[in-house]
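**Q** The residues making up each chain are set out below.
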Amino acid sequence: MIPVAFDYEVAESVDHAIELLGQHGEDAKLIAGGHSLIPIMRLRLAAPSVLIDLDRLDDLNYVRDEGDHLAIGAMTRHRDVHYNELVREHCGILGYTAGLLGDPSVQHRGTLGGTLAHGDPAGDMPSVISALEGTIVVKGPDGERTVGASDFFKDYLFTDLDEQEVVTEVRVPKLSSDTGWSYKKFSRRSQDWAIVGVAAVVEKSNGNIDSARIGLTSMGSTPIRATATEQALSGASPDQVAEAANSADEGTSPGTDDAASAEFRRHLARVWTRRAIEEALNR
Amino acid sequence: MGGGLPRKEDPALVTGRANWTDNIQLPGMLHLALLRSPFAHAKVTHLDVSGALDRPGVVAAFTGEDLADEWPGGVPCAAVVTEEQNTPFQAPIVTDEARYMGDVVAVVLATDRYKAQDALESIEVDYEPLGVVVDMESALEEGSPLVHEELGTNECFTFTAGVGNVDELFDKTDDPDDQAAAARAPDVQGEGDTDAAFAKANVVIKERYIQQRLLPTAIEPRATVAFQDPGHNGYVVYSATQVPHLAKIVLSLATGIPENEIRVVAPDVGGGFGSKLNVYREEILALVLAKKLGTPVKFNEDRSENYQATIHGRGQIQDIELAATSEGRILGLRVKLLDDMGAYLQLLTPAISVSGAAMFPGVYTFDAFSIEIKGVFTNLTPTDAYRGAGRPEAAYAIERAVDSLARKLDMDPAEVRRKNFYEPFDEPTETPGGLQYDSMNMQAAMDRLVELADYEGLRREQQQRRENNDPVQLGLGFSTYTEICGLGPSQALAGLGLGGGGWEAANVRMLVTGKVEVATGTSPHGQGHETSWAQIAADALGVTPDDVVVIHGDTAAVPFGRDTYGSRSLAVGGIAVHLACEKVVDKAKKIAAHMLEAAEDDLEFEGGKFSVAGSPDQNVSIQDVAGGAYLGADIPEGMEPTLNENMTFDPPNFTFPFGAHLCVTEVDTETGKAWVRDYYAVDDCGPVINPIIVDGQLHGGLAQGIAQALYEGVIYSEEGNLMTGSMVDYMIPGAPELPNFTLDRTVTPSPSNPLGVKGVGEAGTIGSPPAVMNSIIDALSPLGVKHMDMPALPMRVWNAIQDAQGNAAASGEYDAALGSREADVKQEGRSEEK
Numbered sequence: 053m054i055p056v057a058f059d060y061e062v063a064e065s066v067d068h069a070i071e072l073l074g075q076h077g078e079d080a081k082l083i084a085g086g087h088s089l090i091p092i093m094r095l096r097l098a099a100p101s102v103l104i105d106l107d108r109l110d111d112l113n114y115v116r117d118e119g120d121h122l123a124i125g126a127m128t129r130h131r132d133v134h135y136n137e138l139v140r141e142h143c144g145i146l147g148y149t150a151g152l153l154g155d156p157s158v159q160h161r162g163t164l165g166g167t168l169a170h171g172d173p174a175g176d177m178p179s180v181i182s183a184l185e186g187t188i189v190v191k192g193p194d195g196e197r198t199v200g201a202s203d204f205f206k207d208y209l210f211t212d213l214d215e216q217e218v219v220t221e222v223r224v225p226k227l228s229s230d231t232g233w234s235y236k237k238f239s240r241r242s243q244d245w246a247i248v249g250v251a252a253v254v255e256k257s258n259g260n261i262d263s264a265r266i267g268l269t270s271m272g273s274t275p276i277r278a279t280a281t282e283q284a285l286s287g288a289s290p291d292q293v294a295e296a297a298n299s300a301d302e303g304t305s306p307g308t309d310d311a312a313s314a315e316f317r318r319h320l321a322r323v324w325t326r327r328a329i330e331e332a333l334n335r
Numbered sequence: 124m125g126g127g128l129p130r131k132e133d134p135a136l137v138t139g140r141a142n143w144t145d146n147i148q149l150p151g152m153l154h155l156a157l158l159r160s161p162f163a164h165a166k167v168t169h170l171d172v173s174g175a176l177d178r179p180g181v182v183a184a185f186t187g188e189d190l191a192d193e194w195p196g197g198v199p200c201a202a203v204v205t206e207e208q209n210t211p212f213q214a215p216i217v218t219d220e221a222r223y224m225g226d227v228v229a230v231v232l233a234t235d236r237y238k239a240q241d242a243l244e245s246i247e248v249d250y251e252p253l254g255v256v257v258d259m260e261s262a263l264e265e266g267s268p269l270v271h272e273e274l275g276t277n278e279c280f281t282f283t284a285g286v287g288n289v290d291e292l293f294d295k296t297d298d299p300d301d302q303a304a305a306a307r308a309p310d311v312q313g314e315g316d317t318d319a320a321f322a323k324a325n326v327v328i329k330e331r332y333i334q335q336r337l338l339p340t341a342i343e344p345r346a347t348v349a350f351q352d353p354g355h356n357g358y359v360v361y362s363a364t365q366v367p368h369l370a371k372i373v374l375s376l377a378t379g380i381p382e383n384e385i386r387v388v389a390p391d392v393g394g395g396f397g398s399k400l401n402v403y404r405e406e407i408l409a410l411v412l413a414k415k416l417g418t419p420v421k422f423n424e425d426r427s428e429n430y431q432a433t434i435h436g437r438g439q440i441q442d443i444e445l446a447a448t449s450e451g452r453i454l455g456l457r458v459k460l461l462d463d464m465g466a467y468l469q470l471l472t473p474a475i476s477v478s479g480a481a482m483f484p485g486v487y488t489f490d491a492f493s494i495e496i497k498g499v500f501t502n503l504t505p506t507d508a509y510r511g512a513g514r515p516e517a518a519y520a521i522e523r524a525v526d527s528l529a530r531k532l533d534m535d536p537a538e539v540r541r542k543n544f545y546e547p548f549d550e551p552t553e554t555p556g557g558l559q560y561d562s563m564n565m566q567a568a569m570d571r572l573v574e575l576a577d578y579e580g581l582r583r584e585q586q587q588r589r590e591n592n593d594p595v596q597l598g599l600g601f602s603t604y605t606e607i608c609g610l611g612p613s614q615a616l617a618g619l620g621l622g623g624g625g626w627e628a629a630n631v632r633m634l635v636t637g638k639v640e641v642a643t644g645t646s647p648h649g650q651g652h653e654t655s656w657a658q659i660a661a662d663a664l665g666v667t668p669d670d671v672v673v674i675h676g677d678t679a680a681v682p683f684g685r686d687t688y689g690s691r692s693l694a695v696g697g698i699a700v701h702l703a704c705e706k707v708v709d710k711a712k713k714i715a716a717h718m719l720e721a722a723e724d725d726l727e728f729e730g731g732k733f734s735v736a737g738s739p740d741q742n743v744s745i746q747d748v749a750g751g752a753y754l755g756a757d758i759p760e761g762m763e764p765t766l767n768e769n770m771t772f773d774p775p776n777f778t779f780p781f782g783a784h785l786c787v788t789e790v791d792t793e794t795g796k797a798w799v800r801d802y803y804a805v806d807d808c809g810p811v812i813n814p815i816i817v818d819g820q821l822h823g824g825l826a827q828g829i830a831q832a833l834y835e836g837v838i839y840s841e842e843g844n845l846m847t848g849s850m851v852d853y854m855i856p857g858a859p860e861l862p863n864f865t866l867d868r869t870v871t872p873s874p875s876n877p878l879g880v881k882g883v884g885e886a887g888t889i890g891s892p893p894a895v896m897n898s899i900i901d902a903l904s905p906l907g908v909k910h911m912d913m914p915a916l917p918m919r920v921w922n923a924i925q926d927a928q929g930n931a932a933a934s935g936e937y938d939a940a941l942g943s944r945e946a947d948v949k950q951e952g953r954s955e956e957k
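So the protein sequences, as listed, match chains A and B.
According to this note's numbering, the first sequence is numbered sequentially starting from 53.
According to this note's numbering, the second sequence is numbered sequentially starting from 124.
Accuracy of the hints is not assured; some may be wrong.
With the Cβ distance kept under 8 Å, some of the chain B side facing chain A (calculated, not the full set) [claimed, not checked]:
(1) Gln-240
(2) Asp-241
(3) Asp-425
(4) Arg-426
(5) Ser-427
(6) Glu-793
To be clear, the hints were calculated from the coordinates, so they are not data collected in a lab.
All C-beta atoms in this analysis are idealised placements derived from N, C-alpha and C, irrespective of residue type, glycine included.
Bound conformation, chain B alone (with noise of 0.2 Å):
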């Protein structure tokens, strides 16, 4: 461990030899095309496939009343968040009404994709427009358009969590820099020191900041093959899934289908970001019409339907207040999100946001805390997971008003973070957001980063520009942040509405010739479970990575396990793979001492060799071991025979990774546009088994979180009409988009599990945004810029230098081009300093 092995996935994904489930081909196998809607919110009122019928190469088509019997469960959400949650029945075809752009309507299969895409021209369907609600606030709104009926509202749920009396604070100082506020102490106190504290409280910031929604793009879109087994009772269904095992609970729960007849397989998948950590109802249409059909089943989308029809991420308004004393101390953080479901619950989507609740405070220590999240559905794409799934909106809202303390103080916002640090500890801490974080030293970390990236220079190279009124600005930006992995602690993550089960499960098994099996229930998609998991049981086994394949993403083939997502697998997955590893070298000692005839306290094990302490020629390999113990004939008595060992991890914690990144950005004040030019980061995820993975998925983390800031954004009609549905109009960077990323590693083992790793898959998505967004305010604020939405193109960027410096006149208009087609981001972010 700790070699930067190259990656065994790499040689097929690079010469294309992956077996993607597009790849599968099948005898008699029809492909299925689904006739999406194109209104927002219509009601269908008259439905004919029966035209698609004589289309060459048709077999089937069907409404959703021709199928309604085959989903009971209809598509399944697997989030509770409270009790009072509104969880609307979706159905894989819609029966009655359309509620979003790309709804489906029906579906035909036919013995090509081509063919079926055709045959789709020739349903009769005919739309009665509904009203269209696309914004939250107006979701929220007296007699706005309902997406849902029969609930009677738009609203999903309501969460509130907090510690102290957070509204107290806010109450008592809305006027901070009126020292009377300070006066009025009196009056709280007495109801415990944090109201005191309030109080006390002298500058507060209130912001609003937009959390645009993202087309998580992974390269492979969806596919899904389904088909009846022909040896057994029973369905296989392969698909492009991060999720084989919870696919298999699903589509068990939505069809009827008992879930011991239905195998799962993920064979290669390229990438999900979250995206394909759901179930979807194309995958539950392809199994329904295999089993109805009898005949083999593809789905596959194209970008389109990818952007229109596959989850979108973040989508949240926040509302954030933040207090603290003059001298930069932060008393209290008061968050109000108002999160976008889409028009359905997708597998987790009200978890998104509540996931993410208790990461607002982020690395400071203070005492008053209080959030509310509001659910709200609108006509438009479901929400769900995307790399981060509420952590990176956490880190976005505190790390942007920090910045803002900052500025209304003037100190230097690097110096501000120090002040509200948690000192260094290695034991859970008790966070406001009522965690135990597991260890942290932010301090080392921001310590490397001011070094690594020569700080002092850079606000000298600032200074000169911003004294040669140079027409490029620079912009240093800050993000200190941590984030919750290891998913999860089962009992924590039932209280988070997820039900549980947050464990992982491995089997070891060293086969008759020494080399090693390791079946994983994790469910990689690019993260390089098969060369990290193959170093972590090489090192405990005495073996080389080349000893071991590392088999996943088959429910027939590998223990039963939760998949791969959230930054959990190497913390909770890997570690299983590390215990079960112990219990095969524990079970090999007692044979290895049966063989040698020593006593088993007496043996040492090293190089994969089994000796006798004081006398190394008094030995035996591991292989030989193994030899042994499948032959079965010279084991100890009363032993079973193989070396095959089943470890289950339940983590008694979340482990927490935290990191300092800076961001230098180049700012042409002339045309607003802004690119990164530097970009530094000290992350801290604990031991680092791979080091070119980790900084892989640091480069491709902090690449998709510039994104955000800078590039992408999802753009609705306020129709409802997804206006971004090609990669031509959503801004997806390129390598030239993007700097050279300077990283660098400090190393403070969790407690929560004995390899003490933590998890980076998204280490780089959630402390990216706001130093990006950081850096570009802070390239600007000699102009008078305090505020702006992500994400910074040019137009946005050059209309917020105009605002500020009082061309008015000339901004107006370009309020009007954005705000057309800005629909769920209507509200226009505003910076408001009390």
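Isolated chain A (complex conformation) (with noise of 0.2 Å):
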């Protein structure tokens, strides 16, 4: 619980986080928040020399109405996120996710941003943002790009960013009022990881889907889209959800821990896929 000794710098704007970077190199870690970050320094498992503190980087908290999309500073905090009313209005997966995540320590001080840098499979944001099909807007040396959410989540804690970097902004599309949504978490105690999580958001039309978008959480080394259950969900009637979630855990490679076996995992996942898809159908 006491983390090596580290040098620590202030970043006074996104360019200033770039040039710390070049200038500290891969001892470097960035800091947005910290609540993924500063306990696996405390246990000593992670141990960058150097620390870049994002915290001041206050022109990052937003979150603005583009007209299709809804922009999202990457330093807004989850609490922030969760409270914000045009994240309720337009986009209530979201501000309803970011209102499970860890405690509400974690909703203060953890960031939109750094939680998808962070890129863990077990996050609950990585695998909302992938079913909304979500886009994350970056900043490096070279200038600004945004990569798809799909391509953006590489491996187990592991993303396309590259190592002078930052993440600025999270855009993700306003629901139309014919989209139902639902996250389901599926853990041991509220406060912890996802064992299995699903993201689904659905397209309904006269009752029936039109299309469904699944993003599934802990069931691979990045967030996974349930890809043949989405399919068998294109034009379907409700009473064909059960089957079609039979197939939500196809595709995907879950680990083994103490808290669920893969095979359990695989059953969760169907599970909670039925269950998200009747809860966003309902909503």
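Hey, can you piece these two chains together into the complex? The hints should help.
**A** Here's what the structure looks like:
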């Protein structure tokens, strides 16, 4: 519980952060809330020699209505996402899930950009952003680029971010009134990482399902889309949901740990996908 | 007394102004960091601490050999439960081999905690891994690796007790459904009534329960500051301990420093749950290093060390056989326990299971009982007292078995219990466990419980869910328990292998200004003695609780006492306060009579005033009497000045709180997730001094018991690596995981003390685990589930459903997943009904 000694730098702007990353090289680590990084540092599982703190980048704390999508600054705290009126009105799944992360202190300190950049497949936000087919805006020495959620998460704790890049913004679509959603998190305790999580965004028409996008938490080394179920749900009626959900674990590669075996995770993914779709249809 | 006075302690605690040991800063103080073995069993083949000395801020570094002369007694164990008990030497720093992951190999002292921790990385150490044993049954097998080679065995002790010829009972009825068993009755008739009773047994419940290891997880980890007292020829040890008085003795025995040269102070202590009812090697190290270096030394563990090296609780394999008639009348009980000592004996390690042995018969009256306990060494963290300490284990076993009996006989579990309760009594009554229960009225508690919970209504709701095939099923689980508190009569404690000395002491003094100081030998660490003791004293002395200050936890400031654990403080220490106050009043009355020029017998004492019967205007307040007593100029001739009385109370018997609990659990049969929807508890701890504190103890106790049933459990790998080494992996539930508690009380005063009080600190932890597990099994019994071990986390519940439904292929994989990690509970529980 006592970390290795490290140096601490405060970034005064995104460009300053990029500059500091260049200056300190691969031993530097950005900190954007710290509720994933600090715990592993205290256990000496991570020992960056320099922390570059993004905490003062207030210009990355915003939610903007950009017409067909919402733009959310990377340093927006989970709590602020949770209570934001624009998010509640146009992207309920994001605000709801932000209220499930960790405990209140995690929600008050942790940031949307931080949790995505950490790239933990057991995190709730990566699978929600995947189901929303959101976009991540990143900035580096060569300027800004956008990355789709499906390209952003590369492997366990590994993203498309280059060493000198910073996440600056997250873009999520505004959901129409015909879009139902659900995030179902299965965990042993409310504050725990998800054993399995299911993010469902369902386009409805005339009581049937037009299309569905399903993101799975903790079912592999990255957030995973339940593509077989998505295909089975295309144009499906509500009574076909149960059968479609039975393929939710196809193409996943869940691990075994003390909380759950791989097979139990597969089972939970099926049950939870069914329940998530049913909830989305009723929302 | 009896009023819900808010706790005097709380404003400081909730505003961060408490005086924790880690807040103590002394000039020149050095910080201790310990190099702990990463192996569960390994020979230290090379050790060189000199590298650490080159690190910034490091002042000293030591090996066990460097310091061996400083601890002639090692770390003492105070419990001797059999004459043959094996008690291995525990050195604060090992000199040969490490015997569990966390055993101390070397120490570093530096100018701050961070520098000390960093310097550990510069110690050169080579280990030669040795055979590891993490499972008790394997440990007892021929050829097992030995935790202590010199003992030649992993067995610590074998303890037996009982009444009646229990073996006959079970041997004669090995096929209970076979009516021939009854026909064999003549074989044993004539050897006494009990034997005849055994032969009539026609139902036997035979089950194995696992008491998983638990991490006590006090909110304040262990901390100690030791220094040479510059003004005196001695040492001061501040420690986050439950037992400053025991620590003073043990530190003296361990180090050879005379007892009267050691002063131990427990400042504000942030919980213990039994884990601080101990004297640890780190406390001994802080003291001997302060002595050797002549500078203050602080030890402050982090949570990782707390989980590795502070004692663990529980750790039993329980084989239980219960014989009963087909009408549900219990005839006899046979218990065999394996009790996991861990790698060393801590202060009371072997006594935990033994002190709980007599409690297995619980609230049921029958004639035949036997128990055998084997203490077993393993390459794991030592175990010792954890909230309930032997009693939750006993209550769990009998309460699970009684529910199994009800299921076997297709009877309501409430009905089976009622058939076997004692008739209400209020005088000591002999039990199959050989104790004298002090008083009991289970019928009243049970009547109130079923009314409070609307038991019939809950059964109807359950039936509806079953009929509707609801994926979320409802389970109802009873637990009717008693426990042994008020440790204790000194003679009886000697019989439990604890030497004796169960009394408690108080000093009550009314000062010249009429204010009151109560110095108590108990050492609260969350229990609220500053409030409760003030209420007791205020009532007896006719003052307000605000007039009373309670002093505790400093061996130089309070009479020598026996500290706080085992729900003993009120029933022993609180009584000492009460009786000391009576002595103060008795003396004050003599002085008042002198001042009023009246006969002592004519005085009445009420509302803090002595007045002459029939002449209420002739009166004097006890405060004025105190003033007079201090001045000493106008007191009866020959009387000592002051109102300052001591009392030592050695109780004639233990106390036996009891209660009836009902847990209402919902179980999602599709996911295996179980949660407590409602929890009803009717507890009888005798008269209540402060209902806020009693309810708080029950809330916390129930939370910890529910935690054992549903969430918590230590997991070790087969190599003895602690897999639940942080709060991420070890499942302490939070408020979202717990229900609202619906509490009520019955009041049956104990004849063991003049206030009739019994103790309540552990009641919730003792009553709740079987209630929760019985409710889960009840919910799932239509699916064929008959058994489940704790903690009932989702994968285990789902696994049990799959097993019961015959989906063996599916569940095999889960068994493998669980089994590989649950080495110390390798023997999966089985439910076997003969």
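**Q** For the hint on Asp-425(B), just tell me whether its beta-carbon gets within less than 8 Å of chain A.
**A** Since the shortest Cβ distance to chain A is 3 Å, the answer is holds.
**Q** Min Cβ distance, Arg-426(B) to chain A: is it shorter than 8 Å?
**A** holds, 5 Å
**Q** Is the hint on Asp-241(B) kept, meaning its closest Cβ partner in chain A is under 8 Å away?
**A** holds, 7 Å
**Q** Should the interface hint for Ser-427(B) be scored as holding, given a Cβ-Cβ cut-off of 8 Å against chain A?
**A** Holds, about 5 Å.
**Q** Was the hint right that Gln-240(B) lines chain A, CB cutoff 8 Å?
**A** At 5 Å from the nearest chain A Cβ, Gln-240(B) passes the 8 Å test, so the hint holds.
**Q** Per the CB criterion, is Glu-793(B) less than 8 Å away from chain A?
**A** With Cβ-Cβ at 5 Å, under 8 Å, it holds.
When each numbered hint is compared with the structure, no violation occurs for any of them.
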